[in-house]
Amino acid sequence: MNRTRFYIFLFLCFFQLFKSHGQNSEQKVPVSEVLEQITKVHSITFNYESNLLKSIIVTPISQDLSLNSKLKNLEKQTNLIFERVSDLVYTISKSIRLCGYIKDSELKKPLMGATITGKFAHSVTDENGYFEIEIRSQNELVIIRHIGLKTIERQVKYFDLEGCGIIVMLIQQELISPVLIEAYLVKGIDKRHNWTTSIDYKRFSLLPGLIESDVLQTVQALPSILSVDETVSNINIRGGSNDQNLMLWDDIKMYQTGHFFGLISSFNPLMTQTANVINNGSDVALTDGVSGTIQMQTDKQIDSKFKGVFGLNFLNAELFSNIPTGNKSSLQIASRKSLNDFVRTPTYDVYFDRVTQGTEAESNVANVTNSNQEFDFYDTALRWLYQPTSRDFIRLNFILINNDLGFNETADIDGVLRTRGSNITQNSLAVGLNYKRRWSERLSSTINIYDSEYKLEALNADVLSNQLQLQENIVSETSVLLNNLYEQNQWRFNLGYQFTETEVINLNDIDLPRFVRRDEEILREHSAFGQAWYKNPNKDFSVRGGLRVNYLTRFEELILEPRLSLRKSIGEHIEIEAQGEFKHQSTSQIVNFQNDFLGIEKRRWQLTDNDSIPIIQSKQVSFGITYKNNGWLLDAKAYYKIVDGITSQSQSFTTKYEFAKQKGSYDVYGFEFLCRKKFSNFNTWLSYSYMNNTYTFETLEDIEFPSNFDITHSVALGTTFSNKSWNISAGVNYRTGKPTSIPLNGNEIVEDNVNFDQGNNERLSDYLRIDASVIYKFKLSNSVRSEIGASIWNISNRENAINNYYRVNVNTEVNKFSRFSLGLTTNAVARIYF
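The numbering of the sequence shown is the working numbering, which starts it at 227 and goes up by one.
Hints are all accurate, no fakes.
Below are the EDC-like pairs computed for lysine to aspartate or glutamate, each with C-alpha atoms no more than 20 Å apart in a straight line:
#1 Lys1042 - Asp978
#2 Lys845 - Glu803
#3 Lys1003 - Asp426
#4 Lys335 - Glu353
#5 Lys1042 - Glu1025
#6 Lys889 - Asp835
#7 Lys845 - Asp870
#8 Lys376 - Glu332
#9 Lys904 - Asp861
#10 Lys563 - Asp575
#11 Lys887 - Glu924
#12 Lys794 - Asp766
#13 Lys383 - Glu360
#14 Lys1042 - Glu977
#15 Lys526 - Asp618
#16 Lys280 - Glu301
#17 Lys662 - Asp525
#18 Lys345 - Glu379
#19 Lys376 - Asp525
#20 Lys383 - Glu275
#21 Lys681 - Glu698
#22 Lys854 - Glu408
#23 Lys266 - Asp290
Now the in silico label distances, taken between C-beta atoms and shown as ranges:
#24 Leu696 - Gln888: 21 to 31 Å
#25 Lys950 - Asn762: 35 to 45 Å
#26 Val350 - Val775: 38 to 48 Å
#27 Ala754 - Val535: 36 to 46 Å
#28 Asn1035 - Val535: 48 to 58 Å
If you are wondering where the hints come from, they were derived from the structure by calculation, not from laboratory data. Every value quoted in this text rests on a predicted model; they were computed, and no experiment measured them. Idealized CB from N, CA, C, for every residue including glycine.
From just these sequences and the hints, can you work out the full model?
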């Protein structure tokens, strides 16, 4: 009986299911019938292709619904698209599947992170450059954009709809100038058509002695760029002093450039991706830097993929991450921190000894002992990119740099141990905002705003006299720049304006006897500039000329600065170029050395007063010829430069004229030559530079004499091997010694002071350094790769003198003191990329 009931129950369930299915089938009707009903009820007309609605059936729609609700219901049931043309006409169409592979026009590589936007949908390309997107109409506008490339705006019907074709995006020419000479020294160092030498660390191989992509170390491999004291805080471009260089980090002027008081760059190599070096013929949008300009830049492209790097070497730990914040923006953060809080490596000790050698921080007077000697540095950088529309681009930057050296002095004073602390701190804080608007394919505008703050604070404790001396040097600069660019055919025009306000504060505070002096100066400068750049259709001739007009409100001074650069090709293998420029700057440095305050070199910025501290002005011309063929490159340049308005305090005198405060000038002429051969995976180069650099100080005893930066001969020989796994490099650097003054033989002391012979009539011993480095790259997994490397600096451990000075001792004798460059220094690095 129970089994019978069970069978009856199954039969009834099956019958009901069949009945329900039959009813649903009976309720389905052709979509054309539903459309006819809608046409009658709402008095509208539908336009569509005749075969579009064949075989499409739908469930009838309630007549109580509104017109919009009925159409949305039909869209869900049919996947058709209903578009309103007017109050009485609607079109019906099917969605269109658009797909493709996006590549760049220069390297033909897939572009990941390109955004494809339609009216109702969007997509982002993957690592292969592939995308898919559903479009409603062939007339719909699709926008494809990628940072650094020209935006594509095109109706769907003009794409390849039959398959997934290749879409090529063109390079934005104003963002990156085409390469004139590739691998100028090594891979990643190129010469560009805009008369700059560019360093791209994404493609960079390796230079001798370096395992970090340190910008300020890398640029010293170029002819006529060196550091007479082997620091990045004293880079000399064509015989100029360091304060005559314009240092820009993402268009922010920086007044501090080094950690370890100049031994390594303060700009994080993981964040700084490219750099441009300009010796002459500057763009009119650039001010300052009468000797040269170094433009450092972070990545310009929005990266939609999370990336990270962790690195460790014998000096510091470093961390970098790229964080996508949507399809239209990305955030990059980088940080470094010295390791001495955790461990003091041999490399750290060598650097510390180099900074403090022969100073009060290393060894004090006989009855004073030093303790707790510590040096610490860190930096943090942030860069945010945002592209709200295809025509707008925003970049926000932040950077923080800090150096801190401290030690304690202890002495027995009347049977009581007294301890006082001394320290010196350098830090910089800068914020920048850059906004670019492309009004059309030909016209664009850029606004750049930054605030750069620099502070040097030094506290010197004299435990014997129970005296504290405080020194501060503060620079605060704010700038706003507007630059308009218009392009038409072979012409490019720039027109812009810049306002800059610079404040410099110098404080000296002594407690016993009480003395306080605080000097505060402000200078405001307005500048207008215009420039035209012409390149002929054959691209074998290019000329760029412009004028920058500067007005200094405090002095009511008007300064005109014309600039010109031209290049001409002769056949396929020869290029000639000529450049000229006028420039000025309103800030310079006072350089203090061993005898003054802690014994650590300090550079204090000062503003011009247009009198004892003049406005520095320069004029420069240069001519060059380049030959390139079959892997060979020969590049030669001759230049002549006059710089007027320098002060003796800014020229790093340590012997004669160390305490002089006079104004003068220098003129320098020189010759640069580079020979490079590229074959297979090797790059080998030989560079040579000749320089004659002469001071003129009308009020000094020696009116004309060699400059402190007059390095007459400089030679570099190097080779680099590079493939997918290995980068190996070795090289030799040789240069003549820098000029110096010596005591007059037989009459060394006059009135208890050193009596010097003629100014800079002698030279230090010649400088010779041999370096090598190696990096090995490998994969840990499909998504994680790593690299390890090692370097040896000054393999021969040669004792290179970089400076000397003289003092009169208690026995009325002259003692000579010398400072030396780094001895044999090893370093190693390990990084993980994920």
